[in-house]
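*Asks:* This is what each chain is made of:
Number of protein chains: 2
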Amino acid sequence: MSPVKVVSCSCPKPKLYGAQNRAFSIQHSAFNIEEGCKASPVFRRPPIASPLSVPQQQALTFSLSLSPGKGCQSSINLWLAPSPILLLLLPLLSLVTPISISSQGALSSFHSYSQSVAPIVAVRFKNGSIKCVATPPAQQTTEAYTTKVSRNANMGKLQAGYLFPEIARRRAAHMVKYPDAKVISLGIGDTTEPIPEVITSAMAERAHGLSTLGGYSGYGAEQGEKPLRAAIASTFYEGLGIEEGDIFVSDGAKCDIARLQMLFGSHVTMAVQDPSYPAYVDSSVIMGQTGVYQKDGEKYGKIEYMRCSPENGFFPDLSAVGWAEIIFFCSPNNPTGAAATREQLTKLVQFAKENGSIIVYDSAYAMYISDDSPRSIFEIPGAKEVESSGMNPWLAEGEAFSSWSPMFSVAIETSSFSKYAGFTGVRLGWTVVPKELLFSDGFPVAKDFNRIVCTCFNGASNISQAGGLACLSPEGLKAMKQVIGFYKENTDIIVDTFKSLGFNVYGGTNAPYVWVHFPGRSSWDVFSEILEKTHVVTTPGSGFGPGGEGFVRVSAFGHRENILEACRRFKQLYK
Amino acid sequence: MSPVKVVSCSCPKPKLYGAQNRAFSIQHSAFNIEEGCKASPVFRRPPIASPLSVPQQQALTFSLSLSPGKGCQSSINLWLAPSPILLLLLPLLSLVTPISISSQGALSSFHSYSQSVAPIVAVRFKNGSIKCVATPPAQQTTEAYTTKVSRNANMGKLQAGYLFPEIARRRAAHMVKYPDAKVISLGIGDTTEPIPEVITSAMAERAHGLSTLGGYSGYGAEQGEKPLRAAIASTFYEGLGIEEGDIFVSDGAKCDIARLQMLFGSHVTMAVQDPSYPAYVDSSVIMGQTGVYQKDGEKYGKIEYMRCSPENGFFPDLSAVGWAEIIFFCSPNNPTGAAATREQLTKLVQFAKENGSIIVYDSAYAMYISDDSPRSIFEIPGAKEVESSGMNPWLAEGEAFSSWSPMFSVAIETSSFSKYAGFTGVRLGWTVVPKELLFSDGFPVAKDFNRIVCTCFNGASNISQAGGLACLSPEGLKAMKQVIGFYKENTDIIVDTFKSLGFNVYGGTNAPYVWVHFPGRSSWDVFSEILEKTHVVTTPGSGFGPGGEGFVRVSAFGHRENILEACRRFKQLYK
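Same order as they appear, the protein sequences are chains A and B.
Going by the UniProt record's numbering, the first sequence opens with residue 1, and the numbers climb by one from there.
Going by the UniProt record's numbering, the second sequence opens with residue 1, and the numbers climb by one from there.
Next comes chain A alone, as it looks inside the complex (with noise of 0.2 Å):
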């Protein structure tokens, strides 16, 4: 639909609307045309069918690029009543409060850059056409100042929002929208079960003790604490040639991509398992690797995308697939729960050698593979090559020393506590670069990303670091392995399912992730009426790259009892 100029602006005083009034809906990315500041005011009828579709008599939600006169400062958000003869109009300042607070602060980041506009516009709607009847105050019509420090180009190439932030958005919308209804969220991946006992316990006992003197700590060491290190390597790696000193412990495996992204630097080419991730591209976009979003083939250019579909049992055809300096890959797989045999592993890193390309393997679900799928990339011969023959010539007889010379490495693996200890909140992971990773050049991977772990970060937090060295003891093992087995009881529910429902069905053995086929429909068409008729939260497949599209993301994250009402309506509404 074609813009709506607005025609006059001229009121008085406005009533302020909304706070109060829970018949309103936000829907603020659906539509977000503050890209056009500058121009003169104009607004725009979101699509209405696409992305959420919402029926026109219930609600309307519309985004309001405002730019009065010459004192534009950035956008406003409209909602409509569900009756079409009256339009509320919120400013955003009076707004924030009641939504943040409905969305549980999930809506954090919408207000955090829409809520600086003073200017009040009330808006009519009649018949689909818009009035405005407010004008801005005088003192908007001054020059607005701006820096002459240019926008970062690389950050203009970005769609939207980041994908999550938008789901809770829409989530947060759909709260307001039925402030009655129960709504069940399975699609961020958030975890939702309590972190055990024996784990919380070191965290408050180790924050205790920095009221201590005996107990208080300042800076750790930035790439973590040596116990920890240690237990990680001796944990996730026994037998696979990597040590405490390869380990760098994080605040989560996202940050550390993006420290990953800083160290590769912007002239690197990337490949991605598609779909994926979405950090992995975002972050590869914000480093200036990637060329502009091409909205024909929904890529960016200058990434290899290597498609993964049930036609190719979610293996890309690697012959397919053009040089990259880096590939992402993740398995068990986000967001299509398969995880990757040690046949397709094998592949892989022999892919990368022939092509002297560096893996980057997300190992953040790894506890979750139930068969004989690799846990680990190391565990493949060739992504660090050991030297298993032969004893260390140089030590004394009987002086046993396993692994101690590593011959080279293709890989760095990122992993991290939350989908095993819930730890999503508490912030913990880490990333694993073999110190005979090297560069063209001979360099050591681990020295320049030791560099920027150091000059970037200043380690994780100590009392987060107490609770992953107590998820490592015996006790806290076997308590993350409870509550890991309890989301793969939910993930088998979901799984029968949709199942039972007709639908073809993925993932789920390996992963907290069901990927569910809803063969020529969109994406977020599925998720929006999901989510309208059964108060569902998914992830829209196509969120995680155009191979997603026709998918539905169902998360295993949740209460048993949530997790049985959500399938319960799912069996409902596809019957």
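A hint or two may mislead.
Identical copies look the same in the list; a pair holds intra-copy or inter-copy alike.
[Unchecked claim] Once the Cα atoms are required to be at most 16 Å apart in a straight line, the calculated EDC-like pairs of lysine to aspartate or glutamate come out as:
1) 575 - 304
2) 148 - 441
3) 148 - 354
4) 157 - 441
5) 347 - 379
Just so you know, the hints here were simulated from the structure itself, not pulled from any lab data.
Given chain A, put chain B in place with the hints provided.
*Replies:* Relative to chain A, chain B alone:
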């Protein structure tokens, strides 16, 4: 001194020494010829007199880049016994443990990229010549595999290691050399006093809560929890036009500086105070904003170094500063301790506005200010211009709405709980990006920063955030101020000591750092002299930029008895 070739290589099974022997010293970065890998094995003597002036009869330290034929992988480090007769050689794998213990973890950044050397070489030292008596194992002679990924050229521009890990290494080396000395660390600027119990209790409670259904929380908003953002806004920015939505809670100011650099990208130009906190310059180099390091001036190309010295009252002569898009400005300053006055900051803001620059203002030490210097850049008219006249015309009469219409901004402010609450290990900070701060095209900086925070970060630990909220409670604020008061007493003791010894001393009044002038001397020489003769670790001024040459920074973070003891030793040395 010229390199000495390793003349022969053959030795069957040398013993591994060092783990039990305490009489060695490390000086890793003093001399690193790893870049020479691929060449024949070479062995060089470090510059004895500089940067550490270790008397030749006591101990010497060597760093060896080992390239045994074609199998070169990384560097190896050697240690000399004090006696010139015997040289003890330690493969890092055996060395790591004892060294790390003695250094309390500070060395981990060191061995994380040094323990990769498998071949063990024994070296004897005799009359200044070097003889290799071991040969690498046969399998080391195969060609080392390198990927085809080019090293990020920006990383290659960085000089040596990040300053503070380097200081930590030297401290650890000193402790190894003088195992019985009571080393006092006034170097890194790490807090030492326990965190007040009111704050740790809140963190422990939050940790415990995470093991309950009601208290569990997963992913929080990337920008921080709403109550904490609100508390930061009201505690530090009341009446300054900064609102909850402008606050981005983080895991520390250093991390936020890196994220700001990602935001700005590689095409901006920077200005920094000289001397200044090294993270500004180093992160700028990493992002590719700078030219190469120019050894003669000790500066990177394309950075504006704004000299701050006693001659100009530690405030730069802005008429001599070339145009830069981003101006990093830290007040109270690290390392000089100088707090800029209101008049000076007004000049700075005017300068930024005239030039269209963005100020990134680091106020991490603001609570240490004793006089009436501004605590925030937003106290300065123009840094964030607030419409003070008139009411919001859209509010009904009687509805007050202060600061509702800020007009523009030229500044970002970053700060931290680290030096207020002893949170150096807990990790919590924040950055203020006013929504009115606009790029040259009118795009809000905060909107891009929000995207960075959502894509490259996942929020600070929820437990740390609970601690931050407790810090800002009335009891927490009182307790923080007591701790700050304690450190400020330390500062007075240090200032008095150096003044009584006839030194020109700066800083101290408004900051936990004392900036002592040693005119005409090399900072690293003074650092070494103080360390060697008093076992007190300081920080050489030149580590903060060429403008710091001739100064040493003495941190006031320490237990009282250590401060007193250090001052006694200073008096002994410089009486």
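*Asks:* Now tell me, hint by hint, if it's right for this structure.
*Replies:* Hint by hint, here is what the structure shows:
Taking CA atoms no more than 16 Å apart as the test, residue 575 paired with residue 304 passes in neither setting, with 39 Å inside one copy and 68 Å between copies. In this assembly of identical chains, residue 148 and residue 441 lie within 16 Å of each other by CA distance solely across copies; the values are 8 Å between and 39 Å within a copy. For the identical chains of this complex, residue 148 and residue 354 are inter-copy neighbours only, at 10 Å across copies versus 47 Å inside a copy, given an alpha-carbon limit of 16 Å. Only between protomers do residue 157 and residue 441 lie at most 16 Å apart by alpha-carbon distance; the minimum there is 15 Å, versus 31 Å within a single protomer.
Taking identical chains as interchangeable, the C-alpha atoms of residue 347 and residue 379 lie at most 16 Å apart only when both belong to the same chain, with a minimum of 13 Å there against 60 Å between chains.
Hint compliance for this structure: hint 1 alone is broken.
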